[in-house]
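Quick mapping for you: the protein sequence lines, in order, are chains A and B. Heads up: the first sequence begins at 1 in this note's numbering, then just goes up one per residue. Heads up: the second sequence begins at 1 in this note's numbering, then just goes up one per residue.
The reader is advised that the hints may include incorrect statements.
[Claimed, not checked] Subject to a maximum C-alpha distance of 30 Å in a straight line, what follows is the list of computed DSSO-like cross-link-like pairs (lysine-lysine):
no.	chain 1	residue 1	chain 2	residue 2
1	B	LYS39	A	LYS17
2	B	LYS64	B	LYS119
3	B	LYS39	B	LYS8
4	A	LYS219	B	LYS255
5	A	LYS219	B	LYS134
6	A	LYS219	B	LYS64
7	B	LYS225	B	LYS246
8	B	LYS192	B	LYS148
9	B	LYS119	A	LYS219
Since the hints were derived computationally from the structure, they do not count as laboratory data.
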Amino acid sequence: MIRHAILQFRPEKARVKENLARLAERLEALRPHAPEVVVLPEAALTGYFLQGGVRELALTRHELLELLSGVHRAVGWEGLLDVVVGFYERDEGAYYNSAAYLELPHRVVHVHRKVFLPTYGVFDEERYLARGRQVEAFNTRFGRVAILICEDFWHSITAAIAALDGAEAIYVPAASPARGFQGERPENVERWRTLARAVAAEHGVYVVLSSLVGFEGGKGMSGGSLAVGPEGRILAEAPLFEEAALLFDLDPGRIPPVRYDSPLLSDLEAALPLLLPDLERVLGKERG
Amino acid sequence: MRIVQAPKAQESLELNWPLVADFLTRFIREELAWRGYEKAIVAVSGGVDSATTLALAVRALGRKQVHALFLPHRDSSPLSREHAYLVAETFGVDLEEVDITPMVEGYAAMTPDLTPHRKGNLMARARMMVLFDKSQAYQALPLGTGNKTERLFGYYTWHGDDTPPVNPLGDLYKTQVWRLAEYLGVPEPVVKKPPTADLVPGQTDEADLGVRYLRADVILEHYLKGYPDAYIESLGYTQEEIGRVKERVNRTHWKRALPTVALLSSTAIGEFYLRPLDYRP
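With the rest of the complex left out, here is chain A (with noise of 0.2 Å):
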């Protein structure tokens, strides 16, 4: 059993000193409930939209260490702490919508960059940012498990290539604006749910929603993170628009009898490599 906290957190934006004064606030309020793992929205430090500001405000992956280390020391955590935190990235010149795995307060596990930037609507990410190239799963100390960003997981290419990499629990820190209020929940929260449920039962993995709070000029991020088990059912589901924290275990002793009985991710092993000239076929038509 891996104890689990998803922080549904709401930055000030742009504000990075006070948010992780916040942070370390949120982590006393934790500490009791003793989580292994944290799990921080994207974006969490500063806000999600940030036009220009991703310049001045994009950190190194060892400068996010060096804060997030900070914040472990200040709150006096005994022991490792995991965290995944979605952060604006600057490397090399270039600024990336990242997630970094952390085991604090020692070590960068790793990073993803998030390869399907919205630029449409109400999103203009690739105006502002470079696209990540990779999805791969990567070994933590509780497991092997993955990170997709947001509209990353809205493609389920992406889901199953992770858990075709061996990923036994997806992270997605994400930032929702709520919109369409036809229903019982937000359209863009039904949306998180239906696919959420639907990529843990078609890959037998736990999906792990960290969703943004608070209003950005407007738009109001969603939250209703999710915990979602191998079977695809909801273990545990934070309320919308506020800040929250999400308790779950996550149970890896889960996974083996649950892809026993429905066996789909080996499925899609032995059939993926059949369908791999369909897939060439189908993008050298779209090059062509």
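Starting from the structure of chain A, add chain B where the hints point.
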């Protein structure tokens, strides 16, 4: 065998009103908070938009944190006064009345060729001046009351009623404001009466616009979502109505934008130099 026919696809304007009210309440609280305000001020006209805005502000902040202004001109309809007081009483807010007649008539006396239309704009701008002065006096942020239909039609006085920095209703069509108003308990006579800017005696919005809100809003929603005219016609709307709605939208894009600035550099504000309005590192 049963044959099941899917109904014709149509966009719905009916929303989850408790969820919308909750969202807009949080919106008001948070947009005030980062600007450093704890209080809001609303110009209440006696109409449904400002009544709904007042109701949301009271929900968000508590009635003691909300100032309501009534800003009549001597030509304003007596019904507007009656309804403004009814709304303030319903939501437990004191109503401060400032008569804009001397301000407007002072200029009118110097301007013999002032047309009723220009005078109407003058009234809207006089109200804006009072609203912002009272905002400063009470340290209360002005809330806008413009709805999506009038914004899309450009049916307002530029730099008059569109000036407040925070507007909870601007993405709701007029017919949606009516439904939200009902949910929030805005008094029925205010919700049910024909909407009017009340700038010229006897004026109504729908006569000015030449189309009923109930019909315009459905046309707008389908037009904005990319349905072709023929599809909208098939839902029971006339070519003339569709044409009138589209023309109003497309004649007024400038009105929904900040003033046009000549671009000379690669650091032109809002063109090259882009920062969100809440950016303050």
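Flag every earlier hint the structure violates by its number, smallest first.
2, 3 and 9
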